[in-house]
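Chemist: Quick note, the sequences are listed as chains A and B, same order. Throughout the first sequence, residue numbering follows our numbering, covering 1 to 354 in sequence. Throughout the second sequence, residue numbering follows our numbering, covering 1 to 276 in sequence.
None of these hints come from the bench; they were simulated from the model. Heads up, the beta-carbon is just placed ideally off N, CA and C, and yes, glycines get one too. Among the hints, a few may not be true.
Unchecked claim - DSBU-like, lysine-lysine: derived pairs with alpha carbons at most 35 Å apart:
| id | chain 1 | residue 1 | chain 2 | residue 2 |
| --- | --- | --- | --- | --- |
| 1 | B | 202 | B | 112 |
| 2 | A | 81 | B | 37 |
| 3 | B | 216 | A | 219 |
| 4 | B | 202 | A | 295 |
| 5 | A | 295 | A | 8 |
| 6 | B | 84 | B | 202 |
| 7 | A | 219 | A | 204 |
| 8 | B | 84 | A | 74 |
| 9 | A | 126 | B | 84 |
Unchecked claim - Computed from the model, here is a short list of chain A residues facing chain B with C-beta under 10 Å:
| id | residue |
| --- | --- |
| 10 | 43 |
| 11 | 45 |
| 12 | 47 |
| 13 | 70 |
| 14 | 90 |
| 15 | 92 |
| 16 | 94 |
| 17 | 120 |
| 18 | 217 |
| 19 | 268 |
| 20 | 270 |
| 21 | 284 |
Said to hold, decoys possible - Label-pair restraints from in silico Cβ distances:
| id | chain 1 | residue 1 | chain 2 | residue 2 | range |
| --- | --- | --- | --- | --- | --- |
| 22 | A | 113 | B | 270 | 23 to 33 Å |
| 23 | A | 75 | B | 160 | 48 to 58 Å |
| 24 | B | 230 | A | 266 | 44 to 54 Å |
| 25 | A | 79 | B | 77 | 38 to 48 Å |
| 26 | B | 185 | A | 69 | 43 to 53 Å |
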Amino acid sequence: MAQVKFIKKDNVSAWLEELGQKHEVLAPRFEGDSIIFRPYDASKGFFIEREATAPPKKAIFPQSETLLKFSNIKDLENPEKVALDVKENLPDSSWVVFGGRPCDARGFTMFDRVYLNGKHVDAYYKARRENTFFITLACEKGETTCFCNWVGSGPSDPTGSDVLMVPVEGGFFLEAVSDRGASLLDSSLLEDGDSKQAEADKVKVEADKSMGEAQDLSKAPEKLLAVFDNMEHWEEMSAKCLSCGACTYLCPTCYCFNITDESDGISGTRIRSWDNCMSSMFTMEASGHNPRPTKAHRLKNRVGHKFSYYPDLHDGVISCCGCGRCIKSCPVGVDIRQLVLSAIAYEAKEAAND
Amino acid sequence: MTSNPYLPAMATIQEVIEETPNIKTFRVTLNNPEIKKNFSFEPGQVGQLSAFGIGEATFVINSTPTRMDYLQFSVMRTGEVTSKLHTLSAGDQIGVRAPLGNCFPYEAMKGKDIVFVGGGIGMAPLRTLLYYMLDNRDDYGKITLLYGARSPVDMAFSYELPEWMERDDLDTHLTIDSEYEGWEHNVGLIPNVLLDINPPSKNAFAVTCGPPIMIKFTVQALAKLGFKDDQIITTLEKRMKCGIGICGRCNIGGSYVCQDGPVYTYEQLKQLPNEM
Ligand SMILES: Cc1cc2nc3c(=O)[nH]c(=O)nc-3n(C[C@H](O)[C@H](O)[C@H](O)COP(=O)(O)OP(=O)(O)OC[C@H]3O[C@@H](n4cnc5c(N)ncnc54)[C@H](O)[C@@H]3O)c2cc1C
Ligand code: SF4
Ligand code: SF4
Ligand code: FES
């Protein structure tokens with residue numbers, strides 16, 4: 001039986017401060033009009049009533065991080081000769097991510113398959129991943145842009161979380177999902193949770209109902225490939241797109257990056273930073289040839305990767321957690337659900353014409 | 001590779017050879033004796049070379065595992081990293097992340113005739129496999145080499161060409177795009193010269209590498225000569241960064257050129273989404 005606890009709403013800040021003594025705590029709060037994950041500051045509080053504008057992706061995959069530091073060392077005996085000293089810069093911080101949603105925590109399980117379980121293990125990601133704990137808040141009600149239930153998940157899916165919080169009268173029901181999650185529940189601020197179990201279960205059921213009917217995406221992998229060569233279709237689909245990349249930066253499952261060097265006199269750093277497949281330079285080759293010259297080519301890769309290529313490589317798992325942020329934040333209203341559904345419908349139309 | 005796949009091994013440049021006005025060949029040795037001892041690679045694999053302060057870029061290891069005195073990379077100057085590499089000379093330090101990617105199916109090619117068709121810098125990966133085969137000569141049938149460049153000055157490895165021409169276990173043909181004073185070999189585009197040479201396709205493999213447009217017409221010529229899609233092998237060049245299947249840059253559908261490639265048969269390529 002998983003360990004369960006209850007915390008009064010008024011005690012949450014104290015709990016975060018307590019957790020803050022051992023870990024760095026990341027919690028969402030308003031910054032201008034946006035809700036963003038920031039290092040927790042008691043004087044600024046937190047806001048978890050709505051899904052955050054940006055996911056807590058930075059906790060494990062920073063927007064920009066130093067991979068290596070290098071410096072040139074002159075040999076005083078022989079000034080012609082310069083030796084190079086190169087050092088790796090592995091992270092050693094530990095984080096508690098508080099108040100993300102199930103889609104946010106689950107998003108990292110899609111990173112894991114690529115960053116931890118491929119032929120090569122990403123040492124930087126691994127160091128952060130192993131030291132990051134997720135205290136996730138189950139959703140009471142889906143928003144109009146949410147579709148986690150289409151992609152094999154749901155508003156109280158514990159996948160990827162260490163502790164799942166369910167809102168109940170007067171506070172939160174807390175459920176340890178992982179062993180390390182159980183260790184976070186060892187606090188005198190928390191009360192026994194058994195008496196709240198039934199209420200929490202009811203909240204979960206109601207939340208599931210609020211999501212509406214899930215669309216069947218099981219045919220998406222093959223159907224997206226079937227429509228791959230129809231550029232007219234993709235030009236129509238991408239007509240509005242500005243190639244701004246907002247959809248990728250706000251996506252909990254987008255993991256592409258660039259690596260660049262910065263030098264400062266005789267020393268410097270090698271930096272990894274987020275990159276995105278919606279930008280035309282992403283695939284520009286040295287010869288000047290670009291296999292994805294237009295935004296139509298790029299959009300079909302983005303959708304294709306998440307709903308076709310990735311599932312084909314990873315046991316059918318779709319690389320989209322259904323958080324809806326790309327839909328909410330796209331300046332021109334491109335809706336990834338429509339892109340997938342129209343690909344699925346596209347072939348049906350062809351067949352009907354036969 | 002170390003447990004941190006982004007950490008290059010440091011190497012020292014032993015020799016720099018000027019191949020053409022814009023291609024230089026670097027012979028390097030790994031500094032750390034332990035890493036050097038454990039290093040191995042297969043023909044066709046690539047490496048990322050670091051010019052610290054500028055960045056990294058991908059190059060074929062064009063020496064052969066049968067001769068491990070040094071690792072060799074030939075670099076065509078096109079942009080920032082390659083320009084910086086061109087300023088380096090013997091004794092300078094360089095970072096190497098290797099080996100990366102897959103390799104030529106040199107085992108499956110045993111007992112077959114081999115036709116190499118290389119264009120420009122595309123000769124680099126072919127050179128590795130060529131030497132590998134010449135060093136294991138009895139394992140392979142007739143080996144034909146067609147190497148083309150725009151003009152004689154654009155021919156890399158020119159100092160090796162006389163030896164290739166002289167060997168009687170290698171049938172070498174050279175071609176350039178248009179007439180050039182003193183040129184005694186073929187003049188004409190690679191696919192046309194290939195059709196003239198007319199190598200038999202039975203029990204054979206063709207390996208071609210070069211600019212995309214050359215590959216396209218070479219594959220058409222090979223098909224005319226009777227080569228089936230699974231007898232044609234090529235290497236792809238995609239923009240790369242991580243080189244290990246993580247950064248998401250080099251995919252064609254679900255295939256990552258940095259990891260599942262750069263070597264593909266034409267049959268494999270036809271099964272991938274059309275995104276060359
Ligand atoms: C598997 C593989 C094997 C390879 N093997 C070899 C080899 O053996 N030898 C070899 O010489 N090369 C090889 N290459 C190619 C080599 O990797 C590239 O030439 C190299 O990466 C170029 O790096 P660069 O930093 O010098 O160029 P960059 O400075 O990155 O720029 C190169 C080109 O990119 C484009 N570009 C970049 N930024 C911009 C911008 N802001 N605006 C417009 N265009 C831009 C332009 O076309 C520019 O000319 C290989 C590539 C691959 C993928
Ligand atoms: S956010 Fe919208 S406009 Fe911007 S790149 Fe994504 S789909 Fe295009
Ligand atoms: S693709 Fe859109 S809906 Fe799916 S995980 Fe990314 S931001 Fe969320
Ligand atoms: S270069 Fe990063 S995935 Fe291939």
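Chemist: Let me make sure I understand: some of the numbered hints might not hold for this structure. Which ones are they, in numerical order?
Modeler: Hints 4, 5, 6, 10, 11, 12, 15, 16, 18, 23, 25 not satisfied by this model.
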